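Q: Listed here are the chains, written in short residue letters.
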Amino acid sequence: MRLAAPVKPSSAKTEQIILFRISGHLFAISSASVQEVRSADSMSGAATEISAPGLRKVRRVLRRGDRSLFIVNGAMHFGLHAAEGTLLFVLRKTRTALLIDGIEKMTSMTRLQALPLSFCHEERQWYRGLTALDQTVIPVVQPEGFLSSEELALLDAALLQTGNPDDEALEGAIPAP
Amino acid sequence: MTVSAELELQSFVLLRLGERRFAVSAGQIAELVSPSRIFRFPHRTPRLEGVILRRGRIVPVCDVSEMLLEKRLTSRRFYLIAVRNYGTQREWVAMPVTGECELINAEMMAAVESDAPHVAGWLSHGGEVIEVLNIDALTPGPEQALAGPTAPRRVEARL
Chain R
1 MRLAAPVKPS SAKTEQIILF RISGHLFAIS SASVQEVRSA DSMSGAATEI SAPGLRKVRR
61 VLRRGDRSLF IVNGAMHFGL HAAEGTLLFV LRKTRTALLI DGIEKMTSMT RLQALPLSFC
121 HEERQWYRGL TALDQTVIPV VQPEGFLSSE ELALLDAALL QTGNPDDEAL EGAIPAP
Chain A
178 MTVSAELELQ SFVLLRLGER RFAVSAGQIA ELVSPSRIFR FPHRTPRLEG VILRRGRIVP
238 VCDVSEMLLE KRLTSRRFYL IAVRNYGTQR EWVAMPVTGE CELINAEMMA AVESDAPHVA
298 GWLSHGGEVI EVLNIDALTP GPEQALAGPT APRRVEARL
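Chains as they are written, first to last, in our numbering: chain R, 1 to 177; chain A, 178 to 336.
It is worth saying that the hints were derived from the structure and are not from the lab.
Warning: the hint list may mix true and false statements.
To be verified - Partial chain A-side listing against chain R, Cβ under 7 Å, derived:
#1 Gln-205
#2 Leu-209
#3 His-220
#4 Arg-221
#5 Val-228
#6 Glu-268
#7 Val-270
#8 Ala-293
#9 Gly-318
Stated by the list, open to error - What follows is a list of derived Cβ distance ranges for each label pair:
#10 A:Leu-280 with R:Ile-103: 33 to 41 Å
#11 A:Glu-279 with R:Gln-16: 43 to 51 Å
#12 R:Gln-16 with A:Gly-204: 50 to 58 Å
#13 R:Met-106 with A:Asp-292: 30 to 38 Å
#14 A:Asn-262 with R:Glu-104: 36 to 44 Å
Remember, it's a predicted structure, so these values are computed and weren't measured experimentally.
Backbone N, C-alpha and C define an ideal beta-carbon position, used for all residues, glycine too.
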């Protein structure tokens with residue numbers, strides 16, 4: 001499913017978001033950040049395995065033209081109980097395809113509150129902020145926060161070590177279940 | 178009481194955590210509220226349980242019992258919402274407490290170098306010597322993240 005380019009919201013204070021689940025937790029992402037939503041099964045045939053030391057959340061990489069998209073397991077990224085993940089969000093302007101459990105709904109938020117300053121570790125890279133919807137507080141993820149520049153460097157190095165990615169895609173493709 | 182002695186008295190809120198009482202400068206207290214739903218999401222900051230919604234504000238909940246008592250208290254009666262300074266910024270932080278709070282006037286003795294960073298001073302009340310808490314040192318913030326030790330990079334998120 002290819003998502004249409006997002007329409008500019010009529011009010012500057014409203015932002016379209018997608019609510020999604022990973023290991024039972026609800027998150028939000030700006031729909032403008034999601035380029036495509038794919039079933040994980042449909043992509044698995046085109047993905048090749050990758051192994052970067054100390055980076056267990058990325059196990060597969062997708063070739064898209066001259067670009068490599070790293071498939072980030074959302075559960076492992078957030079330190080949650082690992083789940084298989086059934087959907088992939090291809091994130092716009094990043095090299096990340098995020099593996100999630102499912103989409104809850106599309107909605108809009110009127111207010112994004114900054115993450116309180118007490119939260120002072122990696123979560124500051126993970127989230128753009130928090131939003132309150134229907135008396136529930138939901139973290140709004142930062143698309144660039146799934147892979148840091150150091151992690152991307154590690155993954156690029158691992159890609160080089162695996163040789164020609166195109167050959168790998170032919171020989172080492174993971175068959176769809 | 179002379180005027181000079183009167184001027185030395187300050188207002189404090191006494192809070193209870195298990196068997197112990199602690200004090201916080203009354204000027205740093207925003208309100209005392211009944212426990213409400215905590216919203217939890219993945220993060221890696223120690224002592225933070227999640228956030229509560231209070232009058233439209235999202236307020237982090239920080240369990241200070243482990244740091245102060247060396248054991249975690251699961252029972253809680255109220256959240257004491259204190260004002261935490263982050264440089265020029267000020268934000269609310271909610272601390273679970275296990276009993277009633279009390280407003281008193283007392284004279285504070287300043288902390289000495291050997292006291293823990295979270296001790297702002299000491300006061301004597303009702304035959305007890307009570308620690309006055311330094312909220313800025315007790316609750317997490319960017320300066321503590323820089324100073325470390327931090328949570329390990331690859332631990333289970335705190336939920």
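Q: If you test the structure against every hint from before, which numbers come out violated?
A: Numbers 1, 2, 8, 10, 12, 13 - these are the hints that the structure violates, sorted from lowest upward.
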